[in-house]
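Construct all of the structure, not just a fragment, from the sequences and the given hints.
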Amino acid sequence: MPIRQLPTLVINQIAAGEVIERPASVVKELVENALDAGATDIDIAIEEGGAKLIRVSDDGIGIPEDELALAVAPHATSKITSADELEAIGTLGFRGEALASIASVSRLRITSRPTREDGTAEHAGVLEVDGGEVRGPSPGASRPGTVIEVRDLFFNTPARRKFMRSAGSEFGHINDCVQKIAMVNPDCGVTLTHNGRKVQDLPRNQTRRDRCVALMGKDIADALLEFERTDDPSRGSARVWGLAGMPSLGRATTKFQHVCVNGRPVKDRNLQHAIKEAYRGLMPPDRFPQLVAFIDLDPAQVDVNVHPQKSEVRFRNPSYLHGLVLTALRQRLLGADLTPAAHVRSPMSNARNEGGTALAAPPNIEHRTSDIHTASDFVDYFRRMDPTQKGFVYQEVKKQLKEEAPGAVSAEDDAFEQELLNRQAAASTSHPPPTTTHQSILQVHDSYVVTQDEHGLVIIDQHALHERVMFEKLRARILDDRETLESQRLLVPEVVRADAARQAAMEDLQPLLARLGIEASPIGPGEVAVHAFPSLLFSRNVKVGPFMEELLDKADGGAFDKIELGDAPGGTDAQLPEEAALHEVLDMMSCKAAIKAGDKMSEQELASLLEQRDAIERSSNCPHGRPTTLRLTLKDLERQFGRS
Amino acid sequence: MKVICDRGALVESLTLVSGVVVSRTPKPVLTCVKLSAKDDALTLTATDTEVSIHLSTPRVEVSEAGEALIPADKLQQIVRESTDPTLTIATKDDQTQIVGQDSRFKLLGYPAGDFPDAPTFPDDADFEVSAADLHRLIAMTIFATARENSRYAINGVLLERHNKDLTVVATDGHRLAQAKGKCKSLQDADRSAIIPTKALNLLLRLFDDAEQTVKVKVNDSQVLFATDTAVLASNLVEGNFPPYKDVIPKDGDKKATIPTDIFISAVRRAGLLTNEESKGVRMSFSDGGLVITSRAPEMGEAEIKVALPEYTGDAIDVGFNPAYLLDALKVVDENQVHLDMKAGNKPGVLRTGPNFLYVVMPVNLQ
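If you read the protein sequences in the order shown, they are chains L and W.
Heads up: the first sequence runs through residues 0 to 643, numbered per numbering that gives the first Met the number 0.
Heads up: the second sequence runs through residues 0 to 365, numbered per numbering that gives the first Met the number 0.
For the record, the hints were derived by calculation from the structure and aren't laboratory data.
Computed from a prediction, not measured in an experiment: that's the story for all the values here.
Built from N, CA and C at the ideal position, the CB exists for glycine as well.
Mixed in with the good hints there might be a few duds.
[What the hints assert, rightly or not] Selected chain L positions facing chain W (in silico; Cβ < 7 Å): (1) I477; (2) R481; (3) E485; (4) S486; (5) Q487; (6) L489; (7) L490; (8) A531; (9) L535; (10) S538; (11) S607.
Put into structure tokens, the structure is as follows:
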């Protein structure tokens, strides 16, 4: 077969393979174009998951009729003019491929009514492209702005069409994509409808926080911690702002983490690692926090031109950003009260449902505000919403507490108030603020401790909390003060079975063991002798043999191997692998040494445990990441007892 | 069975015997004490199947011989709370009546035959020892036993006899106490036995009359101690005692002599500033004397100076758990103790004369 130049349509279809993967990619390109056109309101209408119709309408500057044909030509763009501008890209698009690619695999119709520089609108023009075949432009009618309709996506590329998933699944991707873009553009109003049903309705000119909360779900608003950090220019003048979900909001995937760099949603393993690291010990390792993080930095410090869909970027200085995000998050989390609320099903709402009002309302109607259809549903909804729930008592209590305890961290959502409280707390570090006052303490089933604080009822898992307390103490001693643990020598060495692999693993661990006060050496094939063991573990009745066996098993299993840092080597992370291994061993030690569930504790022991809870960091979770404490707030209790 | 008892004697006997009785057991008869009236004496028997005690008291008047099996705690409470000088205990079938001047209790018991047979002391005792000596040997070592240990049988005290020499050893893996004494040999065979801590604690209470002579018999699985009125039998701890002679160091070349009272006071004071994680006190010995320092994180520090009547060898720094030192110093019956050391990571040996020796492992200080 002779070599020949490919027709333009085929070239565009090949390019479309890269840019247009699925309907969501079309939506992304079109919405980004709309934003680049200065739109303040964008309507997105989807039918059948985008397979039938994707329509994006904006109120941007529009395209003059004589430029319409050029808009769908490949490598044609109004966004850059020379390669120099690639160095510092300010618009979302710049490659000039999107419309041409979309046009080549669908039936595209552009209706645009541009606005002149003096503010008056020109007449509208219409251009149709049917699988690469251009018709028009011809005059049309439209409000100012641009409407792009994409019908029958992939109609001429059957292979692609076959790979499309169900309408619901494709729409899910579209929704994710719209959410990502909407999150970084709070000034722009966005509506998204699917098959005529409104799914997103975000008003324009929202604050960044309001927009994020609206997208992440209002029900978790109270559990989002706002964090912010600006580095001084000498270090790089980057700024990070975000909302960090409490550890209790952890999800099984990173899908609920939104990282945006210079207003562009990105995926970055380095930054994901920083987030994971900040939550280390607050969550089980297989859970991921819900979080948004906005990073603003000098455009010259980041290269966005590395990925056709621009979802990945490359940083000039990745470890610096890693450090920035890690520090910002860690500081916020350490200062916060991370106690999750206990979930109790409200007996009241059930009672009302069964209570003869003959309502066939769905049980979880509270969360489905858009699904209220009938007037009686509406009344019932409001009844259950309890408009008066922010009652006199609670408000009064809250106010009083704020006056008395300025340092107590409030979980309220008023950012300014929060900031003020934080500052007051920081200012009064010389004498610690009066923290939680535990007036009465009750041990339940020798396993849980129940007490109260200013927010309500607090339920504590005694083992988990004690484990965390011990862990933090040991960590401070060993990591911060660089001390070794005191150890008791044994009269007769304790012999522990250990095969060659475990012996080798133990040799690797020797420096670590020395710091922990464990002295052990191989004494022959298959055996190691323990000569000295930490006093602390002896006094907590931890057996030498089983402990060492478990330790060596873990070492052999690779639990203490140095953790790879992905693409963020060096810099602030130099001590991390060692810290991670120590974390593991200390975790094991504190778990063994801590009070077990079922251990009876005296009143003094209980009081001292709770005192330590207030004194240490990260007391909300045990080192494995499980929660130590649950809270039943006064608000919950009032609702449960129908005292509203 | 029908007996009239002196209440005081009965309280005393019941208190001793009920130390064996276990309160929670699937076998209800084990919560009971057995009363046997015979030949103008009342014998009380209790057992937990590991340890058993027979104790007879002559301060009774037996009007009808017989046996009864009664819950120990109720019998003890009734006898203790009563005010009469004497009580009449009468048994018919499994019911026992305890009658005072103004009171009558009826207790439901069990058939006496259900009670496990408690061993009786045989005729051929191995040796005899004065209760005072036995007391001393046990008191000087029992504190060093381990509560539990899987590898060696050290949750008991090792009793060794060689001719007239008795050696008692206890260790918990961190320290070792050894006391020596004499006995009157009745049989030639050298025997050794590991006796559980519970039995020894009972023995300390049972044979507290220093004038008594205690006969001892060791067989393959049991040890028995007997006086004229009481027998204590105990199963032995199975397993091997660690080779204790090997761990007693003999090369300590830094030798200090310390007045016992002053040492106790100094160690106790230094021990005030220790805690769960930081248990050790640092002891710095030199010609100039002894300086004990301690430091507890987040708490503070202590420094105590002790003048030494005698010190030979180079200066040395060594860390010890003050509780371990105090345990031994409390049982020492001499005015001075000698402490031999070799190095900071080698055991120290505390001794008073030839009869008491205590090896204590150091702690590695930070």
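Going down the list of hints, with the structure as the test:
Residue-level restraint check for L:I477 is violated (minimum Cβ-Cβ distance to chain W is 10 Å; threshold 7 Å). Because the beta carbon of L:R481 sits about 10 Å from the nearest beta carbon in chain W, more than 7 Å, this interface hint is broken. About 5 Å separates the beta-carbon of L:E485 from the nearest beta-carbon of chain W, less than 7 Å, and the hint is met. Interface hint status for L:S486: upheld, as the beta-carbon distance to the closest one in chain W is roughly 5 Å, under 7 Å.
Taken as an interface hint, L:Q487 checks out: its beta carbon lies about 5 Å from the nearest beta carbon of chain W, inside 7 Å. The beta carbon of L:L489 is positioned within 7 Å of a beta carbon in chain W (closest approach about 6 Å), and the interface hint is therefore held. Given the 7 Å rule on beta carbons, the hint for L:L490 holds: about 5 Å separates it from the nearest Cβ of chain W. A hinted interface residue such as L:A531 counts as satisfied when its beta carbon comes closer than 7 Å to some beta carbon of chain W; here the least separation is about 6 Å, so the hint holds.
Nearest Cβ of chain W to the Cβ of L:L535: about 4 Å, under the 7 Å cut. The hint holds. Checking L:S538 against chain W by beta carbon gives a least distance of about 5 Å; that is within 7 Å, so the hint holds. Annotation: L:S607 was flagged as interfacial toward chain W, and the flag is violated, the nearest CB pair being 12 Å apart, outside 7 Å.
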